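Undergrad: Knowing the structure of chain E, use the given hints to seat chain A on it.
2 protein chains.
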Amino acid sequence: MPTAFQDCYPEKFSHCYGCGKSNPQGHRLKSYWDGEETVARFTVRPEFSGGVPGHVFGGMVASLLDCHGTASAAAFAYRAAGRDLGDDGEFMRFVTASLKVDFLRPTPIGVELEIRGRLGGIEGRKVKVSLSLGAGGQACARGEMLAVQFRE
Amino acid sequence: MPTAFQDCYPEKFSHCYGCGKSNPQGHRLKSYWDGEETVARFTVRPEFSGGVPGHVFGGMVASLLDCHGTASAAAFAYRAAGRDLGDDGEFMRFVTASLKVDFLRPTPIGVELEIRGRLGGIEGRKVKVSLSLGAGGQACARGEMLAVQFRE
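Chains E and A supply the protein sequences, listed in that same order. Under the numbering used here, the first residue of the first sequence carries the number 267, and numbering increases by one thereafter. Under the numbering used here, the first residue of the second sequence carries the number 267, and numbering increases by one thereafter.
Hints in this document: simulated from the structure, not taken from any laboratory. Keep in mind that a hint or two might mislead.
Pairs count within a copy or across copies, as identical chains cannot be separated in the list.
To be verified - Below, a list of computed lysine-lysine pairs in the DSBU-like style, where the Cα atoms sit at most 35 Å apart:
#, residue 1, residue 2
1, K394, K366
2, K366, K287
3, K287, K394
4, K392, K287
5, K278, K394
Just so we're clear, the structure is a prediction, and the values are computed from it rather than from any experiment.
Next up, chain E with everything else stripped away, as it sits in the complex:
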């Protein structure tokens, strides 16, 4: 198995409801490399419906893009620095400065969603990530994220 980006976060940063390995009640989204892009796959459970059952609620779509986006930002920054995932146990943690989501069509519940990230650019501690979320090969949402490396 390849290593998920979120599994490289230091323990103290691993409690996110959307993607933290140490949050047993959360979604525990897992993001991976796929060539130059990043990918996560996730099937939403029925209770996370929008107004009309059968479709994912908007906040969940934003959540999947957000967690995949910050993990992707860390991975892109890591690779740009010539390092490998988890090579020193000190994977960088990025936080979202801004996220724009375009909802293209309703996102179905109960089928596997594919969330993808593409590097938009790196400038110092800032990473731009272009995101998409689709089902069955059809795009349901697009996202543009500006992520910033967290400093303690």
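TA: Using the frame of chain E, we list chain A on its own:
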């Protein structure tokens, strides 16, 4: 008690995890008029933390803005049409076309958050809503939404 916007949605549109009155597992956010603006108040439970415990995860911030935003869009459109909340049981349902969230600072968990909406403009079936989310009088996030009236 004033009537919450979400309690005016027809039953078939009331299953949203973020704000549907008929989703017992969801957050059931409630939005109200406050003069010319709209307001919702919500205290996030500890499991919805971000990477570091004590702060709300990004997807939850987006979710609160999204659900308050679409409910506000419906209320603004209703008022612009010279109608009152729930006067005919056929409250309009709006969906999000796009939502941009700027994360200004970490959003604390366990304290009451205030989410506010301001009308940006109405054009046919489209309503623009400016949103904010704050804690203790301090802004934590800002949002800009384009909502569209749902057509069956």
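Undergrad: Determine which of the earlier numbered hints do not hold for this structure and return their numbers in increasing order.
TA: none
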